[in-house]
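Undergrad: Residue numbering for the sequence shown is 1 to 502, as defined by UniProt numbering.
Mixed in with the good hints, there may be bad ones.
Straight-line Cα separation of at most 30 Å, DSBU-like style, residue types lysine-lysine; simulated pairs [stated by the list, open to error]: (1) K52 with K128; (2) K482 with K324; (3) K52 with K33; (4) K410 with K354; (5) K166 with K29; (6) K197 with K410; (7) K135 with K29; (8) K117 with K166; (9) K35 with K232.
Simulated from the structure, these hints should not be mistaken for lab results.
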Amino acid sequence: MDAEIAAIEINDTWELCDLPNGQKTIGVKWVYKTKLKENGEIDKHKARLVAKGYKQEFGVDYKEVFAPVARHDTIRLVIAMAAQNSWPIFQLDVKSAFLHGDLKEEVFIDQPPGYEKIGNEHKVYKLKKALYGLKQAPRAWYNRIETYFLKEGFQKCPHEYTLFIKIEDGGKMFIVFLYVDDLIYTGSNTVMFESFKKSMMAEFEMSDLGMMHDFLGIEVLQSSAGIFISQKKYVGEILDKFQMKDCNHVNTPSEFGLKLNKDEGGNKVNSTLYKQIVGSLMYLTATRPDIMHAVSVISRYMECPTEIHLLDAKRILRYLQGTKEFGLFFKKGEKSDLFGFTDSDYAGDTDDRKSTSGYVFMLGTGVVSWSSKKQTIVTLSTTEAEFVVATACACQAIWLKKILEELQFKEDGPTLIYYDNSSTIKLSKNPVLHSRSKHIDVKYHFLRDLTNDGVINLVYCRSEDQIDDILTKPLKFPAFQKLRELLGVCSRAALKEDFAED
1 MDAEIAAIEI
11 NDTWELCDLP
21 NGQKTIGVKW
31 VYKTKLKENG
41 EIDKHKARLV
51 AKGYKQEFGV
61 DYKEVFAPVA
71 RHDTIRLVIA
81 MAAQNSWPIF
91 QLDVKSAFLH
101 GDLKEEVFID
111 QPPGYEKIGN
121 EHKVYKLKKA
131 LYGLKQAPRA
141 WYNRIETYFL
151 KEGFQKCPHE
161 YTLFIKIEDG
171 GKMFIVFLYV
181 DDLIYTGSNT
191 VMFESFKKSM
201 MAEFEMSDLG
211 MMHDFLGIEV
221 LQSSAGIFIS
231 QKKYVGEILD
241 KFQMKDCNHV
251 NTPSEFGLKL
261 NKDEGGNKVN
271 STLYKQIVGS
281 LMYLTATRPD
291 IMHAVSVISR
301 YMECPTEIHL
311 LDAKRILRYL
321 QGTKEFGLFF
331 KKGEKSDLFG
341 FTDSDYAGDT
351 DDRKSTSGYV
361 FMLGTGVVSW
371 SSKKQTIVTL
381 STTEAEFVVA
391 TACACQAIWL
401 KKILEELQFK
411 EDGPTLIYYD
421 NSSTIKLSKN
431 PVLHSRSKHI
441 DVKYHFLRDL
451 TNDGVINLVY
461 CRSEDQIDDI
471 LTKPLKFPAF
481 QKLRELLGVC
491 SRAALKEDFA
501 ED
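Based on the sequences and whatever the hints tell you, model everything.
TA: The structure is reproduced here in structure tokens:
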């Protein structure tokens, strides 16, 4: 607590004053947390002074609150690029980051409990800079750090506002990724690393965490063989939280051939517990594309879950019990262009007959982006369903391609997307109008323009080679295991020899 107050005062965050007439104060409270290392050991104890932001009023003591947050797709893309080029990834942590954000509004807070100024107990603090808990604190901090990066010669990626890039003479590249108060950086020149670190520490109070090992709850292992990311500790936590740490494991997250429905006559279960399970599993999909489809399916029934829905959610936990150490491995030196797979499960939802869309994108040996979600429309043919998912996949390909171009990773030719439906491929190249396609919404024909312009290229692949099947339907274990390996999902134990020396 003393350290927190000292940081606030050193940073000139507030000033003691009398409360002006017509103004009101926002209360503050202390929040305590024990931070753990990735192996479960205690790292440090933290005390944070937090403002009661829920008492703020729009237009009075706050206005704009939005601050950009990085997508996991971009994080994995940067990690894959670093692995391809054998670049190390380092991490910095800004101490009391929100205290650096300058406030434009007038905000008054009560004196913190236990640290009232003797003789001036009736006075309040006027904030000059943001405090944790304020609605505008994330935005104020982002504006502050963005201004600093631009002043230092970085270019902000126009397609991912938390990604900053600096390119110097000779093609030396330096990449900084910002996620609130955590920064990761990588690049081709170690001299730029040291210069950046010194500059940051002179501007902000920083903690140098060295090589990236834990980022947003994702454990990162870097070695001469490659980069392995997983959430082993988090899997253990959710199994313990939902009393499944001693359960028997299963080989697949979904039972083959099972089709869930609303089960309106079924026995209702605790919806809060069900939502907690789904929410925990959704965060786990950041490194586990093998559970993405199963989690997507159970998330459709959060409004009124029954026993069959809870059993299916618990099956995913049972699958995790046997695959705790699984994660994504990006092999160093394995260079390749971006390529994708896409597919759909026609009318897979038995309640409203909507189809399930899925796609994956690979860079090198690991998958960097994936999706499994129910389509928003009811399609009238398999061709239409496949055309819809191909269009969504193409949009994602454009976005990923633009980010790679900002990172000086230019592809030769169009992005290849593998598909097992020849009708959709033909429809994407030729303006054919027949009974199966004339009703398709014009917006989906955007796919045809991309194909004609050479931005993407749909390529036929056999159904047994369609990696995306793991994101659209439950599979038998042999097929599931094969596709899981093709995604780059593997156990840390399988890489023991690669990481042993490091």
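Undergrad: Each hint: holds or not?
TA: Going down the list of hints, with the structure as the test:
1. Restraint check for K52 and K128: the C-alpha separation of about 17 Å stays at or below 30 Å, so the hint holds.
2. A distance of roughly 18 Å separates the Cα atoms of K482 and K324; the hinted pair therefore holds under the 30 Å criterion.
3. Taken as a hint, the K52 and K33 pair is honoured in the structure, with Cα atoms around 17 Å apart against an allowance of 30 Å.
4. A distance of roughly 37 Å separates the Cα atoms of K410 and K354; the hinted pair therefore is violated under the 30 Å criterion.
5. Distance check on the hinted pair: K166 and K29 sit about 40 Å apart at the alpha-carbon level, beyond 30 Å; violated.
6. With a CA separation close to 29 Å, the supplied pair K197 and K410 stays within the 30 Å bound.
7. Only pairs whose Cα atoms come within 30 Å are accepted, and K135 paired with K29 is accepted, the gap being roughly 15 Å.
8. Restraint check for K117 and K166: not satisfied, since their Cα atoms lie roughly 46 Å apart, outside the 30 Å limit.
9. For the hint linking K35 to K232, the alpha-carbon distance of about 17 Å falls within 30 Å, and the restraint holds.
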